[in-house]
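Those protein sequence lines, which keep their order, are chains A and B.
So the first sequence is numbered by our numbering: it starts at 1 and just counts up by one.
So the second sequence is numbered by our numbering: it starts at 1001 and just counts up by one.
Just so you know, these hints were derived from the structure itself, not from any lab.
These figures come from a predicted structure and were not determined experimentally.
Hints may be right or wrong, so weigh each one.
[What the hints assert, rightly or not] Simulated crosslink set (DSSO-like; lysine-lysine; CA at most 27 Å straight-line):
(1) B:Lys1152 x B:Lys1139
(2) A:Lys112 x B:Lys1360
(3) A:Lys112 x B:Lys1337
(4) B:Lys1388 x B:Lys1447
(5) B:Lys1360 x B:Lys1152
(6) A:Lys112 x A:Lys82
(7) A:Lys82 x B:Lys1337
(8) A:Lys112 x B:Lys1388
(9) A:Lys82 x A:Lys40
(10) B:Lys1164 x B:Lys1139
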Amino acid sequence: MTISSLLPVSLPHLHPRLRDRLWRGDMLASGPISIPSGFKALDKELPGDGWPTRCLTELLLPAPGIGEMRLLSYGLSSLACKGRQIIVLISGEDENRVPYPDGWAQLGIDTKQLVVIYTRRPADHLWAIEQSLRSAVFGALLAWVPQARPEALRRLQLAAANAAGLSFVFRPARVRQESTPAALRLLLSRADVEGQQRFLSVQLLKRRGPVLGRPLLLTLPESRPFRMRLPAQAAMSSNPVSAVTFPHVVDRSLLPDIASGSHPTPTT
Amino acid sequence: MQSIGNRRSVQMVNDAARAKGIRAKQPVATALALCSELLLIERDSSDEQNALREAALCALRFTPNVTLRRTGLLLEIAASLRLFGGRRLLLGRLHQALGALGLNTVLGLAPTAQAAWLLALAAMPQHPCWASPNDLHTKLDALPLHHLETAKDHLQTLSGIGAKTLGDLRRLPRAGLARRFGPDLLDQFDRAYGLMPDPQIWVVAPEHFDIRLELVARVENAQTLIFAGRRLMAQLGGWLTARHAAVSTLTFTLHHETWGRSAQSPTLLIIRLSQPSRDPEHLIGLLGERLRQLTLSAPVEALSLSVDDVSIAAIPNQELFPTSQNDVMTLTRLIEKLCSRLGPQAIRRIQPMNDHRPEKAWESVDPTQRALHAGVNTAAPRPIWLMKTPQALTVRDHHPIYQTPLALLAGPERIEAGWWDDGLAARDYYVAENVEGQLLWIYRERKALGQHHAWYLHGIFG
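Using the sequences plus the hints, can you model the full thing?
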């Protein structure tokens, strides 16, 4: 009998009890419940097949508005449908911003479920995030943290362990060189592939599992009106020309057409 | 130290004094001779009675049956054992609750009231004395006689006939004992051993809660008042539990010290809760946040707490799984906690309004209000974030710039509204993107012919 025939092919196959206790280098962690993100390519690479609960997820953005909310929209809208609250914490730097109800409705989230917390000083901001995490009363928590020390983030990560909801922290992309206590770290940026197509490039900088070398390219779900796109040439010209306009209630030029029934009304 | 007539004697000593050789019942002169730096505090029995009353209110949280004795409390906890998770947990919590009042407790536990009292008198701190129904007789037999109050006058006689412990007393003939020492001794004895019923008169919680606490020293920093606040809250917790009530408004009064003739008016701290609460921990948290922001105008010498708005409330059911109803209750508590530090305007809900102009299409409301309006349903793209004040964009070669030149993707959407209330908005909205990938909602103000168009940033898509 040679030694090789004594060695089992794979320990988890040998005994099902060992499956949960054994971790091999190429496996992803299977932790607490996770919420599916809505993107199959992303779910495959996330431990637990979705956004992880009970820990912090860090999203690094080079600039606001590149698609972070659309990335989260599927998960957030599924939580809002179940009646869970979404807590949004806005720091002093972004005081000018306010969540726009129609925009959130287009993502599928009713602003009735939204609680917005404005803070002025960074110390108050971090305290408010920690208290909200400790209360564990949310389905999802979104916090914009422009600057924070690693010890403060460590406290937030520990506080997030109580909460059975999703906790997202948005930070600027320049902190990617610093280490983070968060369990999951994504770097978002815009990627242009094949000319005009617009992708969101998601790089998994840190996760509970092996490092993913290549970034994922995701197509964000654009809401319907984006179909009304300007032709490529007109976008670059000096006078923006409208390719498709739709009648507005005060735009009287189209009234005769509408009255006669010859103008097509847009379907909602 | 207590004065009886002309003689002053030491009543109780702390450990440091005991190490120097000072014992209870020594004359003061002897004590001062042993240690010259001794600190003597006059014994004040009214203070002690106050402390006992505070402890009784506090203990009402654990059981409705509390009675006061001259130097302690009797609590009947048979019905509370199940609720608080067993004997050990209950005694631990009781010790902690009374410790918050600044009291060290010795505990005795027995099936009968008198037996529990005697065991407590014989117990050591940190080691509660417990007698189960089976070994009640054994434990009581071992106790020395001087703990029995009715035997205090007869101690010499009893030790003369050889009775030093309760067990010895039990072996003596009962008729003889009654004849020699009176029926009271035998009654107390029987009550301890459970041979005679022992009804107690329980303390009744007062109708109104209005307690004043004199502080030991003048307090100049508002934050240190939290320790006194804890003592008051512990009593409030007991009172609320005894009356099955929850409180909505608390009024703390800080009494400042009087300088000569001028009496400074007291400072009032009113804490209003959006939902009636009975939990002392939550109330202490709210008080702590208020005190942190308060600066005292004068040193405080007393603190009093009164509650006005009390409603009868049932204990909320503990739910196994988080449901949305449970969420709403704890959400209110979180909002209260955050508002106590950040101010009442920090937490808002955004409600859509019926207006085409984006800056009027939303309203920030108090989070406890319910949504009343419905927004304008539109098929056009709307951003996630709206700027409260639109930001003017620099224009180069008729192209608007936001860090990099913007490319227009969709539009224009003409919004022209507000001629009726002087907020006329005549704008063409576009969805634009810059080189970094930011999707922005910008508009061009429609002005009269000949003037330059002005570009503004109004929103950011998420």
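Satisfaction of hint between lysine 1139 of chain B and lysine 1152 of chain B, Cα-Cα up to 27 Å: The hint holds at about 20 Å.
Verify the proposed pairing of lysine 1164 of chain B with lysine 1139 of chain B, using a straight-line Cα cut of 27 Å. Measuring from Cα to Cα gives roughly 15 Å; hence the hint holds.
| query | Between lysine 112 of chain A and lysine 82 of chain A, is the straight-line Cα distance small enough, at 27 Å or below? | reply | Given pair lysine 112 of chain A, lysine 82 of chain A holds - Cα atoms ~13 Å apart, limit 27 Å.
- Query: Holds or violated: are the alpha carbons of lysine 112 of chain A and lysine 1360 of chain B at most 27 Å from each other?
  - Reply: holds (18 Å)
Is lysine 82 of chain A within 27 Å of lysine 40 of chain A, Cα to Cα? At roughly 22 Å apart (the allowed maximum being 27 Å), lysine 40 of chain A and lysine 82 of chain A satisfy the hint.
Is the straight-line distance between the alpha-carbon of lysine 112 of chain A and that of lysine 1337 of chain B 27 Å or less? With a Cα-Cα distance of about 21 Å, the restraint between lysine 112 of chain A and lysine 1337 of chain B holds, given a limit of 27 Å.
Distance restraint between lysine 82 of chain A and lysine 1337 of chain B, which requires alpha-carbon spacing of 27 Å or less: Within the cut-off at roughly 25 Å; holds.
Compare the distance between the alpha carbons of lysine 1388 of chain B and lysine 1447 of chain B with 27 Å, and conclude whether the hinted pair is satisfied.
-> It holds: about 22 Å lies between the C-alpha atoms, which stays within 27 Å.
**Request:** Mind checking the alpha carbons of lysine 112 of chain A and lysine 1388 of chain B for me, to see if they're no more than 27 Å apart?
**Result:** holds (20 Å)
Check whether the Cα positions of lysine 1360 of chain B and lysine 1152 of chain B lie no farther apart than 27 Å. violated (84 Å)
The structure fails to meet hint 5 from the earlier list, while all remaining hints are met.
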